[in-house]
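Chain by chain, the residues run as shown.
Number of protein chains: 6
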Amino acid sequence: MRIGILAACLLLGAQASAEPAASGESPEYVKGKETLARVTGSSGAKVVESLQDIAPELGRWIVEWGYGQVVSRPQLDLRTRELVTVGALTALGHAQPQLKAHINGALNVGCKPEEIVEVIMQMAAYAGFPASLNGIALAKEVFAERGVTVNRTP
Amino acid sequence: MRIGILAACLLLGAQASAEPAASGESPEYVKGKETLARVTGSSGAKVVESLQDIAPELGRWIVEWGYGQVVSRPQLDLRTRELVTVGALTALGHAQPQLKAHINGALNVGCKPEEIVEVIMQMAAYAGFPASLNGIALAKEVFAERGVTVNRTP
Amino acid sequence: MRIGILAACLLLGAQASAEPAASGESPEYVKGKETLARVTGSSGAKVVESLQDIAPELGRWIVEWGYGQVVSRPQLDLRTRELVTVGALTALGHAQPQLKAHINGALNVGCKPEEIVEVIMQMAAYAGFPASLNGIALAKEVFAERGVTVNRTP
Amino acid sequence: MRIGILAACLLLGAQASAEPAASGESPEYVKGKETLARVTGSSGAKVVESLQDIAPELGRWIVEWGYGQVVSRPQLDLRTRELVTVGALTALGHAQPQLKAHINGALNVGCKPEEIVEVIMQMAAYAGFPASLNGIALAKEVFAERGVTVNRTP
Amino acid sequence: MRIGILAACLLLGAQASAEPAASGESPEYVKGKETLARVTGSSGAKVVESLQDIAPELGRWIVEWGYGQVVSRPQLDLRTRELVTVGALTALGHAQPQLKAHINGALNVGCKPEEIVEVIMQMAAYAGFPASLNGIALAKEVFAERGVTVNRTP
Amino acid sequence: MRIGILAACLLLGAQASAEPAASGESPEYVKGKETLARVTGSSGAKVVESLQDIAPELGRWIVEWGYGQVVSRPQLDLRTRELVTVGALTALGHAQPQLKAHINGALNVGCKPEEIVEVIMQMAAYAGFPASLNGIALAKEVFAERGVTVNRTP
Numbered sequence: 001m002r003i004g005i006l007a008a009c010l011l012l013g014a015q016a017s018a019e020p021a022a023s024g025e026s027p028e029y030v031k032g033k034e035t036l037a038r039v040t041g042s043s044g045a046k047v048v049e050s051l052q053d054i055a056p057e058l059g060r061w062i063v064e065w066g067y068g069q070v071v072s073r074p075q076l077d078l079r080t081r082e083l084v085t086v087g088a089l090t091a092l093g094h095a096q097p098q099l100k101a102h103i104n105g106a107l108n109v110g111c112k113p114e115e116i117v118e119v120i121m122q123m124a125a126y127a128g129f130p131a132s133l134n135g136i137a138l139a140k141e142v143f144a145e146r147g148v149t150v151n152r153t154p
Numbered sequence: 001m002r003i004g005i006l007a008a009c010l011l012l013g014a015q016a017s018a019e020p021a022a023s024g025e026s027p028e029y030v031k032g033k034e035t036l037a038r039v040t041g042s043s044g045a046k047v048v049e050s051l052q053d054i055a056p057e058l059g060r061w062i063v064e065w066g067y068g069q070v071v072s073r074p075q076l077d078l079r080t081r082e083l084v085t086v087g088a089l090t091a092l093g094h095a096q097p098q099l100k101a102h103i104n105g106a107l108n109v110g111c112k113p114e115e116i117v118e119v120i121m122q123m124a125a126y127a128g129f130p131a132s133l134n135g136i137a138l139a140k141e142v143f144a145e146r147g148v149t150v151n152r153t154p
Numbered sequence: 001m002r003i004g005i006l007a008a009c010l011l012l013g014a015q016a017s018a019e020p021a022a023s024g025e026s027p028e029y030v031k032g033k034e035t036l037a038r039v040t041g042s043s044g045a046k047v048v049e050s051l052q053d054i055a056p057e058l059g060r061w062i063v064e065w066g067y068g069q070v071v072s073r074p075q076l077d078l079r080t081r082e083l084v085t086v087g088a089l090t091a092l093g094h095a096q097p098q099l100k101a102h103i104n105g106a107l108n109v110g111c112k113p114e115e116i117v118e119v120i121m122q123m124a125a126y127a128g129f130p131a132s133l134n135g136i137a138l139a140k141e142v143f144a145e146r147g148v149t150v151n152r153t154p
Numbered sequence: 001m002r003i004g005i006l007a008a009c010l011l012l013g014a015q016a017s018a019e020p021a022a023s024g025e026s027p028e029y030v031k032g033k034e035t036l037a038r039v040t041g042s043s044g045a046k047v048v049e050s051l052q053d054i055a056p057e058l059g060r061w062i063v064e065w066g067y068g069q070v071v072s073r074p075q076l077d078l079r080t081r082e083l084v085t086v087g088a089l090t091a092l093g094h095a096q097p098q099l100k101a102h103i104n105g106a107l108n109v110g111c112k113p114e115e116i117v118e119v120i121m122q123m124a125a126y127a128g129f130p131a132s133l134n135g136i137a138l139a140k141e142v143f144a145e146r147g148v149t150v151n152r153t154p
Numbered sequence: 001m002r003i004g005i006l007a008a009c010l011l012l013g014a015q016a017s018a019e020p021a022a023s024g025e026s027p028e029y030v031k032g033k034e035t036l037a038r039v040t041g042s043s044g045a046k047v048v049e050s051l052q053d054i055a056p057e058l059g060r061w062i063v064e065w066g067y068g069q070v071v072s073r074p075q076l077d078l079r080t081r082e083l084v085t086v087g088a089l090t091a092l093g094h095a096q097p098q099l100k101a102h103i104n105g106a107l108n109v110g111c112k113p114e115e116i117v118e119v120i121m122q123m124a125a126y127a128g129f130p131a132s133l134n135g136i137a138l139a140k141e142v143f144a145e146r147g148v149t150v151n152r153t154p
Numbered sequence: 001m002r003i004g005i006l007a008a009c010l011l012l013g014a015q016a017s018a019e020p021a022a023s024g025e026s027p028e029y030v031k032g033k034e035t036l037a038r039v040t041g042s043s044g045a046k047v048v049e050s051l052q053d054i055a056p057e058l059g060r061w062i063v064e065w066g067y068g069q070v071v072s073r074p075q076l077d078l079r080t081r082e083l084v085t086v087g088a089l090t091a092l093g094h095a096q097p098q099l100k101a102h103i104n105g106a107l108n109v110g111c112k113p114e115e116i117v118e119v120i121m122q123m124a125a126y127a128g129f130p131a132s133l134n135g136i137a138l139a140k141e142v143f144a145e146r147g148v149t150v151n152r153t154p
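Residue numbers (the numbering used here), protein chains in the order written: chain A, 1 to 154; chain R, 1 to 154; chain D, 1 to 154; chain Y, 1 to 154; chain F, 1 to 154; chain X, 1 to 154.
Just chain A, with the same shape it has in the complex (with noise of 0.2 Å):
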């Protein structure tokens, strides 16, 4: 079935990205570096670059089943998607790296900075002001990085 689905998606021209899939990509990789490059732009890549002289299958496993299969998935919109994602990496407090990958993820994707910090700042009443704390700060620091402002009206 495989076959099948490969089969159809060539069949059907449903290859849409624009860079060609690789020999030995299946439909799920393609689709997941897509939903990757939207979301992170390039620095996903380098980080699944990153992982191929010591763990290239854990790279493989993040664009073909992280970002193909799951982020995905159509029933939800990547905007909540990402926001969801930022609320859990601020609640679990020790995926720092991979929060401000998603932060930039949130902007990507089009959620507005003030969003993303409502997000973070609700997080103090479910995992604790430090837990909220540290995501701002990695907030702060991507904003800088991008010269976002946050609109403050009250």
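Bear in mind the hints are in silico, worked out from the structure with no lab data behind them.
All C-beta atoms, glycine included, are put in the ideal place defined by N, C-alpha and C.
It is possible that part of the hints are untrue.
Claimed, not checked - Derived SDA-like pairs (lysine to any residue); straight-line CA-CA distance at most 20 Å:
hint: 1; chain 1: R; residue 1: Lys-140; chain 2: D; residue 2: Glu-57
hint: 2; chain 1: A; residue 1: Lys-112; chain 2: A; residue 2: Thr-149
hint: 3; chain 1: D; residue 1: Lys-46; chain 2: R; residue 2: Ala-137
hint: 4; chain 1: Y; residue 1: Lys-100; chain 2: D; residue 2: Asn-134
hint: 5; chain 1: A; residue 1: Lys-46; chain 2: A; residue 2: Glu-25
hint: 6; chain 1: R; residue 1: Lys-112; chain 2: A; residue 2: Leu-76
hint: 7; chain 1: A; residue 1: Lys-140; chain 2: A; residue 2: Arg-152
hint: 8; chain 1: A; residue 1: Lys-100; chain 2: X; residue 2: Ala-137
hint: 9; chain 1: Y; residue 1: Lys-112; chain 2: R; residue 2: Gln-52
hint: 10; chain 1: D; residue 1: Lys-140; chain 2: Y; residue 2: Asp-53
hint: 11; chain 1: R; residue 1: Lys-100; chain 2: R; residue 2: Ala-144
hint: 12; chain 1: X; residue 1: Lys-112; chain 2: A; residue 2: Pro-56
hint: 13; chain 1: F; residue 1: Lys-112; chain 2: Y; residue 2: Ser-72
hint: 14; chain 1: F; residue 1: Lys-46; chain 2: A; residue 2: Asn-108
hint: 15; chain 1: R; residue 1: Lys-140; chain 2: D; residue 2: Pro-97
hint: 16; chain 1: A; residue 1: Lys-140; chain 2: F; residue 2: Glu-49
hint: 17; chain 1: R; residue 1: Lys-100; chain 2: R; residue 2: Glu-28
hint: 18; chain 1: F; residue 1: Lys-100; chain 2: X; residue 2: Ser-50
hint: 19; chain 1: D; residue 1: Lys-112; chain 2: X; residue 2: Leu-78
hint: 20; chain 1: X; residue 1: Lys-112; chain 2: A; residue 2: Glu-57
hint: 21; chain 1: F; residue 1: Lys-112; chain 2: F; residue 2: Glu-49
hint: 22; chain 1: A; residue 1: Lys-112; chain 2: R; residue 2: Asp-77
hint: 23; chain 1: Y; residue 1: Lys-112; chain 2: F; residue 2: Ser-72
Claimed, not checked - Sample of chain D residues facing chain X (criterion: CB under 10 Å; computed from the structure):
hint: 24; residue: Gln-75
hint: 25; residue: Val-86
hint: 26; residue: Ala-91
hint: 27; residue: Leu-92
hint: 28; residue: Gln-122
hint: 29; residue: Ala-125
We have chain A already, so just place chains R, D, Y, F and X on it with the hints.
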């Protein structure tokens, strides 16, 4: 002195809630009660009530600060807030009663069951399968209690 | 290349699983079902089955990615994998149903009860006594259910 | 050899405990049993007893190292230690049986119920409302079992 | 309207703080600023200040709710509160900047360095050695910065 | 009195360690030093040394209880113990210095780099991608420092 605060509110006509504020309730408390009712129906008020003989201030904080100040802010709609909360509590893994309450809360503010399931599933990528599986088990309980069915069109 | 993989499997008769692959099952899914059965007997399949009406893709991901890709890799034997999983779930502390499943899983793939107990005890040094105590309580349940005795020669 | 250790202790008159040390018990074990009894009454000893057939060394470590060495140190009084433990277990969120045991322990060593409640409430600021709510629920159980009432003068 | 609240407070003579309340500050905020200064010297105010351009309400919540309502309650003295906070943040493990702040805070409100070290050491039994080791590393930094020595008489 | 204990040991000929025990060292401490050296080379001893002026007992506990009693038990070989520890610390996510130490430790006791990578990758399924990614980043550091290459034959 809280009566004085309330007096100030009344004078300023800040009191827009349908249910009249009890004596000694700050405007944030009144706002919080409204939002708590929208999110939890009557179950949140029961949790607060259950704290009266042991930790009433904790109940007041949840209403006045948590719901009156944090969750009531207009920068993010309640639907997104509830999905973020469901995601974060799923990822944390140790807050099962509250996760169940917020799966109900998400339904109460208009989230589709498919969206709730989607958020819990997405957490597999960020917090692992056990967190997602335990979240789905609670969603299954809630949906069964409310007669909600999940529309699984592929 | 995936076509190549599948072709190779078919040509080489790599399909050794007793249960024939249902239509629509990828080779990874078939491999995952095999490994899931080795680790969990029939209980893992029941968990997957229980997800059918609410989050069937989560079940598929567990089988196809979790067991078919991650756990089936030959770089580490199943005995070591299960001991590592028992240790990690003990340390995390919030995944009790899954910890119980993997204590069973460790026995199923040939770990000695003494080894399982040892791993859970070791977690006291890395995650504290409460995590270890709650893990041992689950091991005690599992061993009682299966009539397993722990050989405590000093 | 442990008999040799005990012999040394006896010769040096280090044995001040009311209950005579069983054969093979180190001075730290004897001290730990004393402190365990002060903190938990007889319930801690029952936990240790329950480990005898599966992980007796874990029980010995809890008594000998945990209570005999860590908790028995004179640098901090038992009341403060128990309040700190109640706070930490509330914040961790995954150690409910142990949190319940230490709410009892705090009462046993002379903490006022108001102090215990206060510590659990304070954790809302550092670990979020769910952690505090689940801690208060356990305190409510313990206080009900012991007929303890909380004095809530404003 | 907050001006109205403040007006009520002023009329009722509730304003006992040395530093005059700025326009728009609630009595809880004024109380929180006092407690924040007692616990953190000027560093807490700097954290709050750093939030002004991105998440000023988070700063207000920390002052008004966290310090003004939770930490200022008279049911527990500040020394015990700070030791509990140091213990909880050590156990959580993901809140290093806040743990460092509260090691300083504990010293500021009169805890002895030996007591702080003792609490962090005790967490080894409840959250494992890594949590304790990372907490001690921070205490070592703080003590070095302040020229504090730990009195290690056996 | 510890001298008394040591005397008993010496009389009983329990002292089999190559390095003579310093005055005041229990047999468990001596055993722990041996195991610590096998696992960490000289780096563990440096950690213990760094605790001397602030929390020397924590260092003693790590050697005497952690390595001397827990990790030295013969029921599980050191290779498996280190892989389990690497997995658990990866999953916990907040113990990065210790995770790095145990990636080194795993290599020191004979684990292959491929096995270490495999354990860290496996944690993606149980604790999410961020935990695995941060673990792999540390493994990459360690392998680079030691000139270790990972053999990635498919």
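Tested hints:
Distance restraint check for Lys-140 (chain R) and Glu-57 (chain D): the Cα-Cα separation of roughly 15 Å lies within the 20 Å cut-off, and the hinted pair is therefore satisfied. With a CA separation close to 10 Å, the supplied pair Lys-112 (chain A) and Thr-149 (chain A) stays within the 20 Å bound. At most 20 Å may separate the alpha-carbon atoms for a hinted pair to count; Lys-46 (chain D) and Ala-137 (chain R) meet this at roughly 13 Å. Annotation: proposed proximity of Lys-100 (chain Y) to Asn-134 (chain D) holds, straight-line Cα distance about 13 Å (limit 20 Å).
Straight-line distance between C-alpha atoms of Lys-46 (chain A) and Glu-25 (chain A) comes to about 18 Å, which keeps the hinted pair within the 20 Å bound. With a CA separation close to 10 Å, the supplied pair Lys-112 (chain R) and Leu-76 (chain A) stays within the 20 Å bound. A C-alpha spacing of about 14 Å is found between Lys-140 (chain A) and Arg-152 (chain A), which places the hinted pair at or below 20 Å, so the restraint holds. The straight-line distance between the Cα atoms of Lys-100 (chain A) and Ala-137 (chain X) is roughly 16 Å, inside the 20 Å bound, and the hint therefore holds.
For the suggested pair Lys-112 (chain Y) and Gln-52 (chain R), the alpha carbons sit about 18 Å apart, so the restraint of at most 20 Å is met. Proposed proximity of Lys-140 (chain D) and Asp-53 (chain Y) is supported: the alpha carbons are some 9 Å apart, at most 20 Å. A threshold of 20 Å between alpha carbons decides the hint, and for Lys-100 (chain R) with Ala-144 (chain R) the separation of about 12 Å falls inside it, so the pair holds. With a C-alpha separation of about 17 Å, the suggested pairing of Lys-112 (chain X) with Pro-56 (chain A) holds against the 20 Å cut-off.
Between the alpha carbons of Lys-112 (chain F) and Ser-72 (chain Y) the distance comes to roughly 18 Å, so the proposed pair stays at or under 20 Å and holds. A distance of roughly 31 Å separates the Cα atoms of Lys-46 (chain F) and Asn-108 (chain A); the hinted pair therefore is violated under the 20 Å criterion. Of the supplied pair hints, the one linking Lys-140 (chain R) and Pro-97 (chain D) holds, its CA atoms being roughly 16 Å apart against a limit of 20 Å. Taking the CA atoms of Lys-140 (chain A) and Glu-49 (chain F), the gap is near 13 Å; set against the 20 Å cutoff, the hint holds.
Only pairs whose Cα atoms come within 20 Å are accepted, and Lys-100 (chain R) paired with Glu-28 (chain R) is rejected, the gap being roughly 25 Å. Taking the CA atoms of Lys-100 (chain F) and Ser-50 (chain X), the gap is near 18 Å; set against the 20 Å cutoff, the hint holds. Between Lys-112 (chain D) and Leu-78 (chain X) the CA atoms are separated by roughly 16 Å; this keeps the pair inside 20 Å, and the hint holds. Annotation: proposed proximity of Lys-112 (chain X) to Glu-57 (chain A) holds, straight-line Cα distance about 17 Å (limit 20 Å).
For the hint linking Lys-112 (chain F) to Glu-49 (chain F), the alpha-carbon distance of about 29 Å lies beyond 20 Å, and the restraint is violated. A hinted pair counts as satisfied when its Cα atoms are at most 20 Å apart, and Lys-112 (chain A) with Asp-77 (chain R) qualifies at roughly 13 Å. Straight-line distance between C-alpha atoms of Lys-112 (chain Y) and Ser-72 (chain F) comes to about 18 Å, which keeps the hinted pair within the 20 Å bound. With its C-beta approaching chain X no nearer than about 4 Å, Gln-75 (chain D) sits inside the 10 Å limit, and its interface hint holds.
Look at Val-86 (chain D): its Cβ gets to within about 8 Å of chain X, closer than 10 Å, so that hint holds up. Because the closest C-beta pair between Ala-91 (chain D) and chain X is about 4 Å apart, less than 10 Å, the hint holds. For Leu-92 (chain D), the shortest C-beta to C-beta distance to chain X is roughly 6 Å, which falls under 10 Å, so the interface hint holds. A cut of 10 Å between beta carbons decides the hint on Gln-122 (chain D): the least distance to chain X is about 6 Å, and the hint holds.
Residue-level restraint check for Ala-125 (chain D) holds (minimum Cβ-Cβ distance to chain X is 5 Å; threshold 10 Å).
In summary, the structure is inconsistent with hints 14, 17 and 21 from the numbered list given earlier, while agreeing with the others.
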